[in-house]
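Once you've looked at the hints, dock chains B, C and D against the given chain A.
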Amino acid sequence: MIKVLLFAHLQEKLGKDQLDIETNQIKISELKHKLKDQYYLNELDGVMTAINEEYATDEDVVKSGDTVAFIPPVSGG
Amino acid sequence: MIKVLLFAHLQEKLGKDQLDIETNQIKISELKHKLKDQYYLNELDGVMTAINEEYATDEDVVKSGDTVAFIPPVSGG
Amino acid sequence: MAESLYEIVEEPIQVESLIKKVERRESGAITTFIGTVREWTKGKRTIYLQYQAYIPMAVKMLAKIGDEIGDKWPDTMVAITHRIGHLDISDIAVVIAVSSPHRKAAYEANEYAIERIKQIVPIWKREHWEHGETWIGNQLETISYPNGKPNVEDVKND
Amino acid sequence: MAESLYEIVEEPIQVESLIKKVERRESGAITTFIGTVREWTKGKRTIYLQYQAYIPMAVKMLAKIGDEIGDKWPDTMVAITHRIGHLDISDIAVVIAVSSPHRKAAYEANEYAIERIKQIVPIWKREHWEHGETWIGNQLETISYPNGKPNVEDVKND
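Top to bottom, those sequences are chains A, B, C and D. Numbering follows full-length UniProt numbering, with no gaps: position 36 of the first sequence is 36. Numbering follows full-length UniProt numbering, with no gaps: position 75 of the second sequence is 75. Numbering follows full-length UniProt numbering, with no gaps: position 4 of the third sequence is 4. Numbering follows full-length UniProt numbering, with no gaps: position 101 of the fourth sequence is 101.
Calculated directly from the structure, the hints in this document are not laboratory data. Just so it is clear, CB atoms sit at the ideal spot from N, CA and C, and this is done for glycine as well. Hints may contain errors.
[To be verified] Here's a subset of chain D near chain B, in silico, CB distances under 8 Å, partners left out: (1) Q52; (2) P56; (3) V94; (4) K125; (5) W135.
[Unchecked claim] Beyond 10 Å from chain B on every Cβ pair, some chain D residues (computed): (6) L5; (7) V15; (8) E16; (9) S17; (10) E23; (11) R24; (12) E26; (13) D67; (14) E68; (15) D71; (16) K72; (17) H86; (18) D88; (19) E108.
Next comes chain A alone, as it looks inside the complex (with noise of 0.2 Å):
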């Protein structure tokens, strides 16, 4: 099980600030794939992605027992 977590526009999109996706291991892009068929998140496109609270690239592959943040452009400061 991989945990998933959104914030901003996501998680108000969504409703809610985090996923359980049931799998092994999955790429980063096709984990936004995947996410984009399900919830309409289309909003995943430009948005940065965090593994185990790192920044990561699309092409990185999570495991089971990894937690992925999808981070949109920050606003801070």
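Relative to the frame of chain A, chains B, C and D by itself:
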């Protein structure tokens, strides 16, 4: 009478922070010359002058009632 | 030092407490940056803001900024606290304190820190305008990351 | 505002009080510079400092710096307090606070202020080293003013 204010090492050398000069008017360069002679204040070379709290030049003239301050290179901050 | 140099908090930030964190006998200069909630932005009036953070990662990224500063300006010491939740006009959203033996590094490192915060720290601002509300960073300023990671060149001066 | 933006004081400076002086609803950024007494300078140990000022002129020159900043960065607001008398290691000698709608001006105006203080404000520092004492600005750093007035180019980064 012209009031002359002294600061930092000038004040220390003279042992006082103020002098009264009995004159109606005098050019700053002449005033410096006079004080150098009278008090061995060679430190007046390379020292700025203020007349009534504004920076002035050696060519400016002070009149009775004015306050002259000799401003060694500043070191605040 | 038991206290943490990098924090995400929900309560008001005390500037003095950050200054205390970076005070050292070898310091001659401390700079602080205090980011406050501004009422007017390009003719639009803000009523209040809400900040959200991915807290553990945000703390890690603040610490990473501190490490980067340690590499670039070796004698400096940095503390950063960012507040999240509901903030009214003039409330303090972020405080950065940098101490250094000499002032130039204290200014430069401080400015570098706020620029990096706006690039890599997962914190989002929801603007509640007089007429409507929006998450900043998506609709208003469409930024994407073609290289996979946020980049220094993306930063604007706001 | 009844309180003064430019002060020479003999008591410890409260940073928060300067921040309060420049807080405005239109501000998005406040920078502060805090100049503290450093223990070591080029291998020499300082025990304490004494600052002396030509107080009325020093206040005038601080206000002049504020005016210069108002010309160069029109939306900023500035407050400066310099302490005189006996200061121990880590004591605060000077605090500069600048508020601005945008951060770039807040950093630039702040740095400009400390550079100008070191040029035109009649304040003198007597260093009490471990082995001896001296007025800074004469014996150590022989600066003279051939043009009659202190000049921007004279400034060093200390």
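For which of the previously enumerated hints does the structure constitute a violation, in increasing order of number?
none
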